[in-house]
Amino acid sequence: MTAHVHTLNQPQRFALITVSDTRTLENDESGRVMQEMTQIAGHNVVFREIISDEPATIKYLLQDLVGKADVACLSGGTGISRRDRTFEAVSELLEKTLSGFGELFRALSYDEIGAAAMLSRAIAGLYRDMIVFVMPGSPSAVRLAMDRLILPQTAHLAGELRKH
104 MTAHVHTLNQ PQRFALITVS DTRTLENDES GRVMQEMTQI AGHNVVFREI
154 ISDEPATIKY LLQDLVGKAD VACLSGGTGI SRRDRTFEAV SELLEKTLSG
204 FGELFRALSY DEIGAAAMLS RAIAGLYRDM IVFVMPGSPS AVRLAMDRLI
254 LPQTAHLAGE LRKH
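Each residue of the sequence shown is one higher than the one before, counting from 104 in the numbering used here.
Simulated from the structure, these hints should not be mistaken for laboratory data.
Backbone N, C-alpha and C fix where the C-beta goes; we use that ideal spot for every residue, glycine too.
No incorrect hints appear here.
No more than 25 Å apart at the CA atoms, straight line, and that leaves these computed lysine to aspartate or glutamate pairs for DMTMM-like:
1. K162 x E152
2. K199 x D156
3. K199 x E157
4. K171 x E198
5. K171 x D232
Distance windows between CB atoms, simulated:
6. E206 x T127: 29 to 35 Å
7. L128 x K266: 32 to 38 Å
8. D124 x D250: 23 to 29 Å
9. E129 x H259: 33 to 39 Å
10. T125 x E263: 34 to 40 Å
Turn these sequences into a full structure, and let the hints steer you where they fit.
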């Protein structure tokens, strides 16, 4: 039992990815929020980058992060415009989905922004040995997802993933 508890308390390795065609490191508020919240929670940020919303780029990056990160958080590309393709790219890779993440994210968002919450296609799941979260690109959406859903459950998810 001690080994399992130790795994739960270990800092996880986070990859933080902003999906945007317009943001830079200087104006990437959502990426900054993800990084600050992750570090404050005691985890390690091993990768942070801004990439365009190109499915091939997203898939290649996630494949490359396997073994280097325990958790990948992608911010952006979850809406319904033509350029919002993060959902499609990630959902094609996921081996198991965590449907509750998107459901809970939209429910919590509804309390803050009303019916516009239905426009979010937030998703989460497992890809190889990595937990992947996709959330909208606004700083308030990132704050909500990180604070209420991702960071409180990361250790538990990592423990479950490594159980067998």
